[in-house]
Amino acid sequence: MKNTLFLVIALLFILISGCKNGTESSQEITSSPQFSTIENIGSDTLVNLALAWAEEYHQLYPYVEISVTGGGSGTGIAALINGIVDIANASREIKPEEIQQAEDNGVNPVEFIVAKDAIAIIVNPNNPVNQLTIHQLSDIYSGKINNWSEVGGDDRVIVRLSRETNSGTHVFFLENVIRMGDPNDKTIFSSDTLLLPSSEGITAETRDNPNAIGYDGLGYVTPDVKVIAIARDESGPFIMPSAVTVTQGQYPIARDLYMYTNNQPTGAIADYLNWIMTPEAQTIVTQLGFVPIRKP
Amino acid sequence: MQMTKKWNEFFLNWLIKISGYSAIIFVILIFYFLLREGLPAIGEVSISNLFSVRWYPIEDYFGLLPLIAGSIIVTIGAALFAIPIGLCAAIFISEVSPRWARDILKPLVEVLGGIPSVVLGFIGILILAPYLRQLLDLPTGLSALAGSILLGGLAIPTIVSVAEDALDSVPRSYRDGALALGATEWQTIWRVTFPAARSGVLTAIMLGIGRAIGETMAVMMVTGNAAVLPIKLNSLFLPVRTMTATIAAEMGEVAKDSTHYHVLFLIGVLLFVISLGINIAASTTMFQQRKRAERILS
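Protein chains in written order, with the working numbering: chain A, -17 to 278; chain B, 4 to 301.
Hints may be right or wrong, so weigh each one.
[Claimed, not checked] Derived DSS-like pairs (lysine-lysine); straight-line CA-CA distance at most 30 Å:
1. K168(A) / K9(B)
2. K259(B) / K77(A)
3. K168(A) / K109(B)
4. K98(A) / K168(A)
5. K235(B) / K126(A)
[What the hints assert, rightly or not] Here's a subset of chain B near chain A, in silico, CB distances under 7 Å, partners left out:
6. G23
7. I61
8. M223
Derived by calculation from the structure, the hints in this document are not laboratory data. Beta carbons: idealized from backbone N, C-alpha and C, even for Gly.
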């Protein structure tokens, strides 16, 4: 429910930002010392966190307006490349070809790690499976394992759920789980993987469907789905995702979350990014179920 | 005085002409834009890749067949669902129901047509898909069938409204004549009123199907978006990915002028051509029927 509320807020922001006059260049806005607007687009994983930051920052400094929009990491980076956004949020690193495209457009992306996140593997609460290895996950998502009985569950078809390809979580999952981090591996998602447009869609289907397996950022996991413990290989140990296991490097499917700007930021954008690194802002990270980059 | 009147006339004449032509010019410009952005894809992606069965654009798999087939199967499903119900509802409202019921039903159907598709999609995700999964014992309810039912639901108000208008415009004297000759009410409806309104009914069906094939949001929410080629017998009950959902889900992500961007526009061209084809087919059958009607009457 909390997620839905945030989605509604995010949609409102989209509406508001859509209504804004597009002809004003961001240059003009940032140069004003009294009032400034920061456009922040990208990762759906980060959108709740970015919204919480933006609201908190706006309360501290009412003259800075930050509009946050989701859409996926690819969307945010594409917006940065096309020069229509001040900060792009991404749940994956920018790809070399995207840097190339950016440079062709005269954009110079600068990276900031703003938080860490674990990717939780979720199933229906009625599914008896409690733990999986990365190798089993890879086989499930690439289509080699098609029935829950092959990994110790009931005799049920496995319905694979994934985010759309514009999601940074999707790309991270492809590279680090399905391909198990091997850059030469060309395995891809099984073609009957359901690509759902939102984290909410994945949670809803997992909550309802005993055949489903899905993945989502830890901050998005609701109590009505079951989180699976994950191990690097059969010898274990099987670890549940949490802030502690991520910080200690035990949980195998964890990643950094990024913000990208065009060139080294100045003015209001630099102030905002500096504030995000403060313990105060990192407390919000913990509250939303993500993992802070430093002890708050 | 005379002069201003003439000028007014001249001015209005031109205004109307320009508005009329601009509709055509806009269609041509849109088609030109689609072609300009979409055709480079044919040079960048090999034909065998475009006609393969794998769609995974971030690894340069650009097989369009699953998407085209996905759109077709969902649209046919929607038509099978919407045409019988829509036409029966139109006949009921126009021919069977009493006057007062008609005055309530017709506006209600039109209100139904105004429900945003995203709302229907939400109902589809929360109620329809889980229900279908349990009822038919499917792996998942997010399937072509769920999409077909929702799209059918979207097309029904269009079909009912337009078909009802067509039936209503059949002259009273046709029905009176048939009834006077001893035909039953059902015979009058089926043999006289309905054939007389045929071209309007056909337009209703085409508009309904056009609404279905172009619909995006509801489809994206309930069909599961898995790009599999629906060629098995039970494909209607499995997830599919449509052309519209693909464009909507991926257009935001692509960098301008990348191969992926061009391929998405190529899908746009295909959609444009398909709906143009449906419209041309509809208007030629209507035209032929009108000629035949004129021949009989003369």
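Verification of the supplied hints:
Among the hinted pairs, K168(A) with K9(B) is inconsistent with the structure: their alpha-carbon atoms are about 74 Å apart, more than 30 Å. At roughly 16 Å between alpha-carbon atoms, K259(B) and K77(A) fall within 30 Å of each other, so this suggested pair holds. Our distance criterion of 30 Å between C-alpha atoms is broken by K168(A) and K109(B), whose separation comes to about 57 Å. Simply put, K98(A) and K168(A) have alpha-carbon atoms about 27 Å apart, close enough for the 30 Å limit, and the pair holds.
Proximity of K235(B) to K126(A) is assessed by CA-CA distance (about 20 Å); at most 30 Å being required, the pair is judged to hold. Hint status for G23(B): violated, given a least beta-carbon distance of 31 Å to chain A, over 7 Å. For I61(B), the shortest C-beta to C-beta distance to chain A is roughly 5 Å, which falls under 7 Å, so the interface hint holds. With its C-beta approaching chain A no nearer than about 6 Å, M223(B) sits inside the 7 Å limit, and its interface hint holds.
When the structure is compared with the earlier hints, violations turn up for hints 1, 3, 6 and for no others.
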